[in-house]
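S.K.: Here's the letter readout for the chains.
2 protein chains.
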Amino acid sequence: MTSIEDLHARVALTWLAEPGTRSVHQLVGRLGAVDTLELLLDGGAPDDTLRATVAARLEAGDPRAVAAEAVALVDRLGARIVCPADDEWPAPLGDLERLELPGATRKVDRETAPPLCLWVRGGWPLAEVLDRSVAVVGARAATGYGVHVATELGYGLADREWTVVSGGAFGIDAAAHRGALNAGGVTVAVLACGVDRPYPMGNSALFDRIAETGLLVSEWLPGAEPLRPRFLVRNRVIAAGTRGSVLVEAAARSGAAQTMHRAIALRRPSMVVPGPVTSALSVGAHELLREYGDTRLVTGLAHVLEEVGRIGVDLAPPARGAARPTDILDDEATMVRESMPRRGTVGADVLAARAGVPVRTALRKLALLEELGLVARRDDGYALTRPPSR
Amino acid sequence: MTSIEDLHARVALTWLAEPGTRSVHQLVGRLGAVDTLELLLDGGAPDDTLRATVAARLEAGDPRAVAAEAVALVDRLGARIVCPADDEWPAPLGDLERLELPGATRKVDRETAPPLCLWVRGGWPLAEVLDRSVAVVGARAATGYGVHVATELGYGLADREWTVVSGGAFGIDAAAHRGALNAGGVTVAVLACGVDRPYPMGNSALFDRIAETGLLVSEWLPGAEPLRPRFLVRNRVIAAGTRGSVLVEAAARSGAAQTMHRAIALRRPSMVVPGPVTSALSVGAHELLREYGDTRLVTGLAHVLEEVGRIGVDLAPPARGAARPTDILDDEATMVRESMPRRGTVGADVLAARAGVPVRTALRKLALLEELGLVARRDDGYALTRPPSR
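Residue numbers (full-length UniProt numbering), protein chains in the order written: chain Z, 1 to 390; chain A, 1 to 390.
Treat the hints as calculated values from the structure; they're not laboratory data. Hints may contain errors.
One side only, chain A facing chain Z, incomplete, derived with CB under 10 Å [said to hold, decoys possible]:
no., residue
1, Glu-59
2, Tyr-145
3, Ala-205
4, Asp-208
5, Arg-230
6, Glu-287
7, Gly-293
8, Arg-343
9, Thr-345
10, Thr-361
11, Leu-363
12, Arg-364
In this text, a Cβ means the ideal position worked out from N, Cα and C, and glycines have one as well.
This is chain Z alone, in the form it adopts within the complex:
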């Protein structure tokens, strides 16, 4: 359970510096949220960037007042604020402390510390719901193919009682959420803006359904705008909060691929659905499969369950065509059968010669073929009952 002071301090710190800022997270770890806020407000930030950021934000308002105002909104929004000390807090987010993205130069790739607190709308306990969850992410400008696959995946996962986590965006995200909702399952939308105004507006009906039966989650205060960099900041929570991530469609430059980079760096199962090579919306998916040995090609629910399911359970069945009687034929039997005339009959001796096997072998195999109803014995020899497929 979190003290009210600690709660307010965490909200204030989230407003003061963008979520994920490592230096802030480290200070909170050492001093606690209350003293960290104190320190920053006294201009005691450990580095110039943070000091400048704090100074700039202070021009916009008093963090304590902003936090108090935001916390006061909680009930009216039907929301709650979850902190690391609370039972609801998803422990796997702690892995973000050690997240390092290879060749990270951009701020959004470096400042990937765990959230200080999360705003949650919806009835379920967050940790419990995320404990058995899979992220399904992808392009906004999805194709009919991608939407179909994402919907099926969302439905199938929810049907197997897995929580479907995504970003609430148009295209693949929305399809995954909808699939889960249609299965009567739980789905979680992790937002890059306040939980009071889920973005995009076009999905507001979807967000309402999610808030009723699943969860809306965000690090940002109510009223926060979905600024572009925030989507990438948000993606680390989707990658860290789930058992694994599935990318359905992504163009060559894609935010969804960024989520996968985070999942890969976190050593979470990172799954990619391939698509037609003629589709621009699968270019990003194929590049991930080509460039990252850790990504796994998945073609559907069975493969995904195989990756995230517990060992021994949820194993994907091997791909198989329909079994044919001829499958059990050995080489000699096959050769004998293939050597028979398509029409008319043939003697065992001639057949043996054509098949290149001894006559007695030919007779043995002919008996087997007769057993299987592939060959019929006639007065003047043997005949095919149906032609072998080529």
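Starting from the known structure of chain Z, arrange chain A on it as the hints suggest.
M.R.: Chain A in isolation, oriented as in the chain Z frame:
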């Protein structure tokens, strides 16, 4: 140059035992073709299976007579017989001596020795044409998607002066051959029957074009029928005779996948084109990519050239979306831009506060944005020239 006796013996041995029989190949290596034939005809085969096979074939005719008859046909067929001692012989086929397919139980997977000789129809020197060749194989019941991709690949490879090798079957094989022909390039069909009666008949017009501008190749004597096991026996030649193999479409149970298993075991570049996970004709392709770490996902010509091309040359361009002016923006500039109102103007100080950066930083970034034509300075502040895409 091969002696006429040696040539006749090799043809006779090919007729006596199916091509690829290891014991026969080893005997020929030790004793030469002439003495090996002698030995087998005297019932001196080293193992029962071979002895039985020989005995059975002898019931169908005299090998020497059959060989003489076949060789006599050569000129009338506009064909020639190429043996290992000839300049035309493709040396890479020698790798088949060491080919071992993991878990091989079926005869066609064990008897994978190099051919004793090859029947060739067409003007080009075989070794020269195969030296720079790629195999393109796949399903007969191909989809429009697969046919499109295979045709493009065949065209593109031929256009870059790579020989396109395939099996002359319906679907992917035919599409690859046609693509190469349309590019005015060289294509080679490796057959599982005599070069005098290419199978399937439905492709006879295609085979005629290939014989005119490319090559028809087979291990079997004229008149030999395309018995089912022979397609798999033939596949080892396609895999070993080329620099690499590309699989375009394959159902769950597929002969094309068998060619890939051989290419993988031969350590040749083994490339697979993914497809829609909703397509049964891509199931085999996706399974190869999932089960064999050595297979490479390729989406088109550039990727294939990267695999088979010489180091440093033919490198695939990285997948990229169209570059946008915003690509060069750093995080602060992006944040400043994203913090601007979609309509109307804003002052630098307010903007700095919203963006969480110092005012002087905001001014510096605003100057840059103005440079790029993304922001315009007005009397009462700054305005977006166009809304940022989200």
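S.K.: Taking 10 Å as the limit, does the beta-carbon of Asp-208/A come near enough to a beta-carbon in chain Z?
M.R.: violated, 21 Å
S.K.: Is the interface hint satisfied for Ala-205/A? The criterion is a beta-carbon contact with chain Z at less than 10 Å.
M.R.: Given a least distance of 19 Å, the restraint on Ala-205/A is violated.
S.K.: With a cut-off of 10 Å, does the beta carbon of Glu-287/A approach a beta carbon of chain Z closely enough for the hint to hold?
M.R.: holds, 5 Å
S.K.: Should the hint that Gly-293/A touches chain Z count as held when the rule is a Cβ pair under 10 Å?
M.R.: Cβ of Gly-293/A sits 8 Å from chain Z, so the hint holds.
S.K.: Taking the closest Cβ pair, is Thr-361/A under 10 Å from chain Z?
M.R.: Holds: closest Cβ of chain Z sits about 7 Å from Thr-361/A, inside 10 Å.
S.K.: How about Thr-345/A: closest beta carbon in chain Z under 10 Å, or not?
M.R.: Since the shortest Cβ distance to chain Z is 18 Å, the answer is violated.
S.K.: Given Arg-343/A as an interface hint, is the shortest Cβ-Cβ distance to chain Z below 10 Å?
M.R.: Since chain Z brings no Cβ nearer than about 14 Å to Arg-343/A, farther than 10 Å, the hint is violated.
S.K.: Let's test the interface hint: is any C-beta of chain Z closer than 10 Å to that of Leu-363/A?
M.R.: Status violated, d = 12 Å.
S.K.: Have a go at the Arg-230/A hint: is there a Cβ in chain Z nearer than 10 Å to its own Cβ?
M.R.: holds, 8 Å
S.K.: Hint Arg-364/A vs chain Z: min CB-CB distance below 10 Å?
M.R.: violated, 12 Å
S.K.: Answer holds if the nearest beta-carbon of chain Z is closer than 10 Å to that of Glu-59/A; otherwise answer violated.
M.R.: Where the cut-off is 10 Å and the nearest Cβ of chain Z is about 4 Å from Glu-59/A, the hint holds.
S.K.: Holds or violated: the hint that Tyr-145/A contacts chain Z, with Cβ atoms closer than 10 Å.
M.R.: holds, 6 Å
Hint compliance for this structure: hints 3, 4, 8, 9, 11 and 12 are broken, all remaining hints hold.
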